[in-house]
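Input sequences plus hints: build the corresponding full structure.
Line order of the protein sequences matches chains A and B.
Our numbering puts the first residue of the first sequence at 1, with every later residue one more than the last.
Our numbering puts the first residue of the second sequence at 1, with every later residue one more than the last.
It is worth saying that the hints were derived from the structure and are not from the lab.
Errors might be hidden in some of the hints.
The list treats identical chains as one, so a pair stands whether inside a single copy or across any two.
[What the hints assert, rightly or not] The list that follows gives simulated cross-link-like pairs (lysine to aspartate or glutamate, DMTMM-like), each with its CA atoms no further than 25 Å apart:
hint : residue 1 : residue 2
1    : Lys52     : Glu112
2    : Lys52     : Asp73
3    : Lys38     : Glu112
4    : Lys52     : Glu126
5    : Lys38     : Asp115
6    : Lys52     : Glu32
7    : Lys52     : Asp130
8    : Lys35     : Glu96
9    : Lys38     : Glu10
10   : Lys52     : Glu10
11   : Lys38     : Asp145
Model, not experiment: these values are computed from the prediction.
So the chains spell out like this:
2 protein chains.
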Amino acid sequence: MARSSAPSRERIVAGAADMISRRGLNATSIRELAKHAKAPLGSTYHYFPEGKGQLATEAVQYAGAAVSRILRDSLDAGPAAGLRAFLDVWRGIVVESDFRAGCPVLAVSVEEPLDGIPPALTAAAEAFEDWERLLTQSLRAHGADTEQAPGLAALVVAAVEGAIAMCRAQRSTRALDQVAQQLEAVINGAVGRSA
Amino acid sequence: MARSSAPSRERIVAGAADMISRRGLNATSIRELAKHAKAPLGSTYHYFPEGKGQLATEAVQYAGAAVSRILRDSLDAGPAAGLRAFLDVWRGIVVESDFRAGCPVLAVSVEEPLDGIPPALTAAAEAFEDWERLLTQSLRAHGADTEQAPGLAALVVAAVEGAIAMCRAQRSTRALDQVAQQLEAVINGAVGRSA
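Structure, rendered in structure tokens:
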């Protein structure tokens with residue numbers, strides 16, 4: 001039985017994901033990740049004996065899986081519903097953080113690995129691929145051209161991720177709102193529904 | 001007369017832009033920016049007496065203006081030609097750096113400002129807006145709906161920026177290639193040309 005005062009493994013991972021989405025990985029120490037999750041450094045090393053790389057990898061996997069779950073739940077109602085849920089996650093994070101937080105998968109992706117291919121970067125690639133695969137499946141299931149579906153799924157993920165960055169720089173949700181409207185029209189066209 | 005061995009102001013700015021696109025801003029010191037540009041720290045402080053923030057701001061402005069110039073030159077031939085030139089810049093940087101470098105404007109945008117709104121973040125917002133404005137003008141000039149053009153321009157910038165991040169994580173140009181094809185079809189549809 002865990003004591004209720006002890007930080008859970010998941011709380012540390014979730015805190016690290018938030019911190020990485022704000023500050024990036026290279027600029028953040030494991031001490032700062034632990035502090036941001038309100039976890040003692042000892043507990044953090046207890047759960048993540050390999051240190052920052054291990055925690056960062058799990059944080060990216062955690063964020064990737066959380067978004068995949070939201071996509072899976074919403075895509076049953078069609079790719080446009082999945083798109084809206086995907087956008088709502090990020091709009092919520094960006095707005096609630098006053099444009100200071102964003103996507104930890106994106107944050108890790110735009111940092112040069114210092115040596116080799118770190119597991120956190122591999123986890124980021126896998127998160128993008130998972131989101132693309134879920135969108136592709138839903139597009140195909142709802143009537144989109146089989147060949148065209150993967151490209152459209154990549155467009156959705158890329159445009160939403162890029163818009164997160166634009167919103168943070170511009171301190172406005174305009175880019176996410178515009179991208180939402182454009183992507184919904186493209187998806188409706190691809191599944192044969194008029195906008 | 002500058003001695004030919006002295007690093008030019010522009011070379012330091014260009015080197016800083018490259019370094020920021022690789023490592024981000026928070027994780028990079030002015031010493032590292034100078035070293036990456038093969039400039040003595042003294043010359044760097046001579047040109048940028050306010051330090052890292054000043055150099056970073058000029059680096060983001062430099063990258064933004066360089067891309068704006070490429071867009072302006074290519075968009076005369078139409079928005080699809082502009083899109084191709086925009087994509088070619090980033091594909092070249094991503095591939096030539098073996099997926100280690102990307103877009104300095106994007107890198108600055110996904111980092112939480114440590115206090116206030118730093119000028120480098122404002123410069124990033126302005127770079128995105130400038131690219132969007134150039135694309136909007138070209139879309140309108142080539143027959144796109146006046147109301148729809150700004151949204152489509154935002155989609156282009158967001159999707160290309162997001163695809164840069166996906167390519168770096170996935171160590172593949174697939175996302176940029178897919179986004180290129182999708183965006184060209186959307187643009188051709190908007191300006192009334194069949195793909």
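Status of the hints after comparison with the structure:
Taking the closest pair of Cα atoms, Lys52 and Glu112 come within 25 Å of each other both inside a single copy (16 Å) and across two copies (19 Å). In this assembly of identical chains, the alpha carbons of Lys52 and Asp73 never lie at most 25 Å apart, being 31 Å within a copy and 45 Å across copies at closest. Within a single copy, Lys38 and Glu112 get their C-alpha atoms only as close as 28 Å, which misses the 25 Å cut-off; across copies the closest is 19 Å, which meets it. Taking the shortest alpha-carbon separations for Lys52 and Glu126, only the intra-copy value of 19 Å comes in at or below 25 Å, while the best inter-copy value is 34 Å.
In this homomeric assembly, Lys38 and Asp115 come within 25 Å of each other (Cα to Cα) only across copies, at 22 Å, whereas the closest approach inside a single copy is 29 Å. Taking identical chains as interchangeable, the C-alpha atoms of Lys52 and Glu32 lie at most 25 Å apart whether they share a chain (10 Å) or sit on different chains (22 Å). When the C-alpha separation of Lys52 and Asp130 is checked against a cutoff of 25 Å, the pair qualifies only within one copy, where the shortest distance is 24 Å, while the shortest distance between copies is 38 Å. Taking the closest pair of Cα atoms, Lys35 and Glu96 come within 25 Å of each other only inside a single copy of the chain (20 Å); across copies the shortest separation is 38 Å, beyond that limit.
In the homo-oligomer, the alpha carbons of Lys38 and Glu10 lie at most 25 Å apart inside one protomer (12 Å), although the nearest pairing across protomers, at 44 Å, exceeds that limit. Proximity of Lys52 and Glu10 under a CA criterion of 25 Å is satisfied intra-copy only: 15 Å inside one chain copy versus 37 Å between copies. Taking the shortest alpha-carbon separations for Lys38 and Asp145, neither the intra-copy value of 48 Å nor the inter-copy value of 51 Å comes in at or below 25 Å.
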